[in-house]
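> Each chain, letter by letter, is given below.
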Amino acid sequence: MTAIAAIATRRRRQDRVARGLLALGTMLALIPLALILYYLIVKGIGAWSWSFFTTDPTGSFFGDPGGIKSAILGTIEIVGLATALAAPVGIGVAIWLVEYGKSNPVATAVRYFIDVMTGVPSIVFGLFIYITLVLSGIGGTFAGWKGAVALALLALPIVTRSAEVVLVLVPDTLREAGLALGAPRWKVITRVVLPAALPGIVTGVLLAVARAAGETAPLIFTATIVKTSSFDLGAPMNSLPAQIFSDVGQAQDRLVTRAWGAALTLVALIFLFTTLARLFARRSAVR
Amino acid sequence: MNPEVRDPLVRPSEVSKRREVQQERSKERVPSQRGRDVVLEHLTAFYGDNPAVSGVSLHFKANDVTAIIGPSGCGKSTLVRCINRMHEEIPGTRVEGKVMLDDVDVYGPGSDPVAVRAAIGMVFQKANPFPTMSVFDNVAAGLRLTGKKGRDLNGRVESALKGAGLWEEVKDRLDRPGSALSGGQQQRLCIARAIAVQPEVILMDEPCSALDPQATLRIEELISELKTRYTIAIVTHNMQQAARVADSTAFMLNGELVEFAPTDKIFTNPSDSRTEDYVTGRFG
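Protein sequences appear in the order of chains R and L.
To convert, note that position 36 of the first sequence is 36 in the numbering used here; the numbers rise steadily by one, no gaps.
To convert, note that position 36 of the second sequence is 323 in the numbering used here; the numbers rise steadily by one, no gaps.
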């Protein structure tokens, strides 16, 4: 009896210590996150106003600095195009890796290079596009679509890797069920495997898009920083990270405030977009 | 065929009652289709270099239920997976020997695994309804995925669900997710999905091993109904089940076929001493 009681007491104490450590770790991780949000809101919300969202930056040194309309539009356009480029290709590569390549040498090599690509700093993608697409003068010099290509390259390995992980998680029993009915493999993939993996794939695409939307370096070399709004992806285009980058280094307080406002806008945009996409994925999964 | 002596665990009166119910049920339906003969000739199936099935020759008679019994790892699941070419879905596997579906060589040069699988349906150990689809869509999936949708999808789904004895239970919730049904219902949903594509042979790989006795009984009754229209091969590790449902039984050990005979004979008067040891519970 006493031995059992002693073990129970010791075990309870160990349990309490372990739980305490885990809670502490979680708190430590949450502190910077909460502080970032706090500062963003405190410093950024003051900049928000109707004209902040509806006017372009003026560039005037003494007068009204203007809003960030061109940056918001530019980010939506560039990131939208980047997603349209990276998502289908990335999901396609993941499907090939999981359903066809499996563990053959080519697939192993592809996986390796995707991992390497994930670790490449974003500025390298910016420089790569700068050299290949901007300096070569294909379709003019700086252009929104070139920024989108740089962001797509950056997002591609993230989309691929996360989609691959999710596809691997789809149980083989479902593939077997489809194949055993006499369904061709492509139909099993498109009608059975992909729907089952959709919520996870969407999450992976969202992660990649959120990451790409916040990148500054690849855009400065490719789409540059401009003032006016543009719907022409073939022309230089403003973006929120670029706007923040140029504003935050200025000596004037109102420009620094505009940078905070723009940063808060960027976070809010990503949050809004993520929520919408998740709702959509949930609705299209199971009724 | 005398079911009363075959099954020591079920009282004779119960068996005959069950048989009567089954016979009445199957009388309602005119046999609309004949199953096909399946003949295995020296079938050997490898995982890498290891044969899981070696040199098995076996004749599954049309419209019979043939049970395959044997201890775990004896190759009985692999054997049935060779019949509809599902074995080759596992990387590093290969098959030698022949599988004949009537006069068609399943592994012949012109044979397409997709066509083979449409003709030879399969029900798995664990019920595997498509989780993103409703009850209706699960049954329709077989038709949609194989491009056989045709006309009257509703009617064909309904008759498949009726054929699987599930219609009365689900007709009011066809739009609910298939995975919301009970385990036994899910397995019958999978049977409905398999018969919706109108195969000629149905392979069942331990279809009741995850089900409770009540649901198992329901599936066994269904098997007896289904054999009016299909040739059925059932893998089971439950000898009573083999005795209850099968016309013939094959006993496998270490990848080899030890004995194949009418079920009565396997359970009452086996020729091979290893069969006797197994069916009397001395090993396995």
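Heads up, a few of these hints could be off.
[Said to hold, decoys possible] Label pairs and their calculated CB-CB ranges:
#: 1; chain 1: L; residue 1: G379; chain 2: R; residue 2: V124; range: 26 to 32 Å
#: 2; chain 1: L; residue 1: S398; chain 2: R; residue 2: A18; range: 54 to 60 Å
#: 3; chain 1: L; residue 1: E383; chain 2: R; residue 2: T132; range: 32 to 38 Å
#: 4; chain 1: R; residue 1: D172; chain 2: L; residue 2: E328; range: 28 to 34 Å
#: 5; chain 1: L; residue 1: V401; chain 2: R; residue 2: Q14; range: 33 to 39 Å
#: 6; chain 1: R; residue 1: G20; chain 2: L; residue 2: A467; range: 38 to 44 Å
#: 7; chain 1: R; residue 1: G139; chain 2: L; residue 2: G379; range: 44 to 50 Å
#: 8; chain 1: R; residue 1: T141; chain 2: L; residue 2: A467; range: 56 to 62 Å
#: 9; chain 1: R; residue 1: G140; chain 2: L; residue 2: A467; range: 52 to 58 Å
#: 10; chain 1: L; residue 1: S496; chain 2: R; residue 2: E99; range: 25 to 31 Å
#: 11; chain 1: R; residue 1: N104; chain 2: L; residue 2: S496; range: 46 to 52 Å
#: 12; chain 1: R; residue 1: T58; chain 2: L; residue 2: A467; range: 57 to 63 Å
What the hints contain is simulated information worked out from the structure, not anything from laboratory work.
Computed from a predicted model, the values in this text were never measured in an experiment.
C-beta: ideal position from N, C-alpha, C; glycine also.
> Now look at each hint and say whether the structure bears it out.
Do the hints match the structure? See the list:
no.: 1; hint: G379(L) <-> V124(R): 26 to 32 Å; in the structure: violated, 39 Å
no.: 2; hint: S398(L) <-> A18(R): 54 to 60 Å; in the structure: holds, 59 Å
no.: 3; hint: E383(L) <-> T132(R): 32 to 38 Å; in the structure: violated, 53 Å
no.: 4; hint: D172(R) <-> E328(L): 28 to 34 Å; in the structure: holds, 29 Å
no.: 5; hint: V401(L) <-> Q14(R): 33 to 39 Å; in the structure: violated, 57 Å
no.: 6; hint: G20(R) <-> A467(L): 38 to 44 Å; in the structure: holds, 40 Å
no.: 7; hint: G139(R) <-> G379(L): 44 to 50 Å; in the structure: holds, 49 Å
no.: 8; hint: T141(R) <-> A467(L): 56 to 62 Å; in the structure: holds, 58 Å
no.: 9; hint: G140(R) <-> A467(L): 52 to 58 Å; in the structure: holds, 57 Å
no.: 10; hint: S496(L) <-> E99(R): 25 to 31 Å; in the structure: holds, 28 Å
no.: 11; hint: N104(R) <-> S496(L): 46 to 52 Å; in the structure: violated, 34 Å
no.: 12; hint: T58(R) <-> A467(L): 57 to 63 Å; in the structure: holds, 59 Å
The structure does not agree with the numbered hints 1, 3, 5, 11 stated previously, though it agrees with the rest.
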